[in-house]
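Undergrad: Listed below are the residues making up each chain.
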Amino acid sequence: MSPRRERRKSPRPNNSTNTPARQKPRGKVNAYFTHHLWVLVSSLGVLWRTPFATFMTAAVIGIALALPAGLHVLLQNVQKLSTGWEGTAQMSLFIKQGVSEKRIQKLAKKLRGWDGVEEVRYISREQALEEFRKLSGFGDALDSLNENPLPAVLVVQPTSEASEPAQMELLLGKVRELKPVDLAQLDMEWVRRLSGIIELGKRGVLLLGSLLSLAILLVIGNTIRLTILSRRDEIVVTKLIGATNAFIRRPFLYTGFWYGLLGAVLAWMLVGIRLGLLSEPVSRLSFLYNSQFSLGGLDLETTAILLGSGIFLGLLGSWLAVGKHLQAIEPS
Amino acid sequence: MIKFDNVNKRYPGGHEALSGVSFHIEPGEMVFLTGHSGAGKSSLLKLIACIERASRGNVIIDGQNLNRLKSRHIPALRRKIGVVFQNHNLLFDRTVYDNVALPLIIAGYHQSEVGRRVRAALDKVGLLGRERAMPITLSGGEQQRVGIARAVVNRPPLLLADEPTGNLDPELSKEIMQLFEQFNQVGVTVLVATHDHDLISRLDHRLLTLKQGRLDRDGSTADLIGETVAAAGGGI
Ligand SMILES: Nc1ncnc2c1ncn2[C@@H]1O[C@H](COP(=O)(O)OP(=O)(O)OP(=O)(O)O)[C@@H](O)[C@H]1O
Ligand SMILES: [Mg+2]
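Order-wise, the sequence lines are chains A and B.
Residue numbers are given in this note's numbering: position 198 of the first sequence equals residue 193, and the series is strictly consecutive.
Residue numbers are given in this note's numbering: position 66 of the second sequence equals residue 52, and the series is strictly consecutive.
Bound conformation, chain A alone (with noise of 0.2 angstroms):
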């Protein structure tokens, strides 16, 4: 049976409600997006006619994305600084008495061809001893002593890209070898373990924003359950009416939606804020360093992946939530 049908066959009894039913698919593709973007907006106005519930709930969540969200910054600017070091690190390699100069030059040749090496620097003896007094003021003390103590040094910089605690490493094993090396020396060995240190950092904030991600999906499941059977009736209603699953699911994806993104932006506001309190601090500090570090903030790649985790887990939580309470109510 068609309705449509049906109705073109026998005359209209009262042509205000009886327009023909053919003109319904006009637009039918435009007025689904049209809804869609209706219940997006309305999703958004119940929760903004419970403005506090709405507020305490997106800001647990917020919190929830502000905690991993801010120490990812904080170790992405520990590594910005320490990669400006890293670029300084370079190697010492003290040469065993008694070899002569005419060697050591030699091997600061050869070291230069070496891959991985950006420059070799010979310290002679007497260049070391010089040294040494100008910046230790003991050169009376020096002067006593009738045979210069200090070594011969080459100092090795490696290239940027050979800057790598591991690459340093392998450099640091391989100039060891060499037969007029007395003792080699990374000269920045912390950095290594620093690198170590924000690897680790890093590791941890990705276990703790995973679980944080279920306290999310927790809360906003549970939100959403909670508005599920507060419109129990509603449902029952829609239902009744013909309403499909999908029709009654969208409302509550959207406040998912909405919960997700809110939480994301309010946890983009408090990390914003932390880091703005820092910021001044910071660059006092390394001002005294006489540094041009300054605080790094959300760059824009971590405010994406901020806004699309909030938007993601609010989405998967109520989508949980719906499909789990959803099908339990049912007209009777």
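It should be emphasised that the hints constitute simulated quantities derived from the structure, not laboratory data.
Backbone N, C-alpha and C define an ideal beta-carbon position, used for all residues, glycine too.
It is possible that some hints are incorrect.
[Said to hold, decoys possible] Here's a subset of chain B near chain A, in silico, CB distances under 7 angstroms, partners left out:
| # | residue |
| --- | --- |
| 1 | 37 |
| 2 | 41 |
| 3 | 61 |
| 4 | 64 |
| 5 | 65 |
| 6 | 77 |
| 7 | 88 |
| 8 | 89 |
| 9 | 92 |
| 10 | 94 |
| 11 | 96 |
[Stated by the list, open to error] Ranges of calculated distance between the beta carbons of each label pair, as one might list FRET restraints:
| # | chain 1 | residue 1 | chain 2 | residue 2 | range |
| --- | --- | --- | --- | --- | --- |
| 12 | B | 123 | A | 275 | 54 to 60 angstroms |
| 13 | A | 47 | B | 57 | 22 to 28 angstroms |
| 14 | B | 79 | A | 322 | 21 to 27 angstroms |
| 15 | B | 123 | A | 325 | 26 to 32 angstroms |
[As the list claims (entries may be wrong)] Residues from chain A that keep clear of chain B, each with C-beta distances beyond 12 angstroms, as calculated:
| # | residue |
| --- | --- |
| 16 | 111 |
| 17 | 156 |
| 18 | 176 |
| 19 | 180 |
| 20 | 197 |
Following the hints, complete the assembly by docking chain B with the ligands onto the known chain A.
TA: Below, chain B with the ligands alone, put in the same frame as chain A:
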């Protein structure tokens, strides 16, 4: 259009609301359903809209056997059926307009079309001025008419009404029945459950009478008059 074939409905408590009910309503018919309170009128209508399922027997709507209807196809069935519920089933946090518009929005109608049809339907039930009102501020009869407007706004091929005139005065009841007859004249199949013998005896339609869950009589409303007269005569 509606075919009941030896239908039983037993509720979880063990109470048999309908037993051995068989009848057939052709497309375009207008039928009244009557019977004492608890006779099973609402239960019968619920089976048609697949709000309840038959315990035994077949309910066939528009060629579709509801016993075998998958739950994901129920929405499509219900959209073909306009239902006026005994308890109105309005959404009390939405305006009259939004309540009536709901079936159209569910069906994906265009905004402009929705506005036109909603106003036309409200006009028919005499509530055109109350679009912005909340249902709670309306009288029982007005709420009932909102329910009627919502049932017909989508112009479904099948209209079920459960005590649609329960809260209306005789004048308004007559108008609502005339409205149903108008729909019937344009091909809509109409099934109205009602207690109101006075009202239906004045209209000439087929009448199904339920008695304790069984189909007691399947005749015309004219028989009802004869019956009433006979009963009155017998009393003398
Ligand atoms: N959900 C239910 N669970 C158990 N029993 C029910 C249920 N719904 C109805 N019944 C029982 O089924 C019988 C028929 O009920 P129904 O509502 O169909 O009667 P009715 O003819 O519509 O009565 P009324 O004129 O008072 O509305 C009643 O005895 C009722 O108690
Ligand atoms: Mg009833």
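Undergrad: For each hint, tell me whether it holds in the structure or not.
TA: So, going through the hints one by one against the coordinates:
no. : hint                              : verdict
1   : 37                                : 5 angstroms, holds
2   : 41                                : 14 angstroms, violated
3   : 61                                : 4 angstroms, holds
4   : 64                                : 3 angstroms, holds
5   : 65                                : 4 angstroms, holds
6   : 77                                : 5 angstroms, holds
7   : 88                                : 6 angstroms, holds
8   : 89                                : 5 angstroms, holds
9   : 92                                : 5 angstroms, holds
10  : 94                                : 5 angstroms, holds
11  : 96                                : 4 angstroms, holds
12  : 123/B / 275/A: 54 to 60 angstroms : 58 angstroms, holds
13  : 47/A / 57/B: 22 to 28 angstroms   : 38 angstroms, violated
14  : 79/B / 322/A: 21 to 27 angstroms  : 23 angstroms, holds
15  : 123/B / 325/A: 26 to 32 angstroms : 30 angstroms, holds
16  : 111                               : 65 angstroms, holds
17  : 156                               : 60 angstroms, holds
18  : 176                               : 78 angstroms, holds
19  : 180                               : 73 angstroms, holds
20  : 197                               : 46 angstroms, holds
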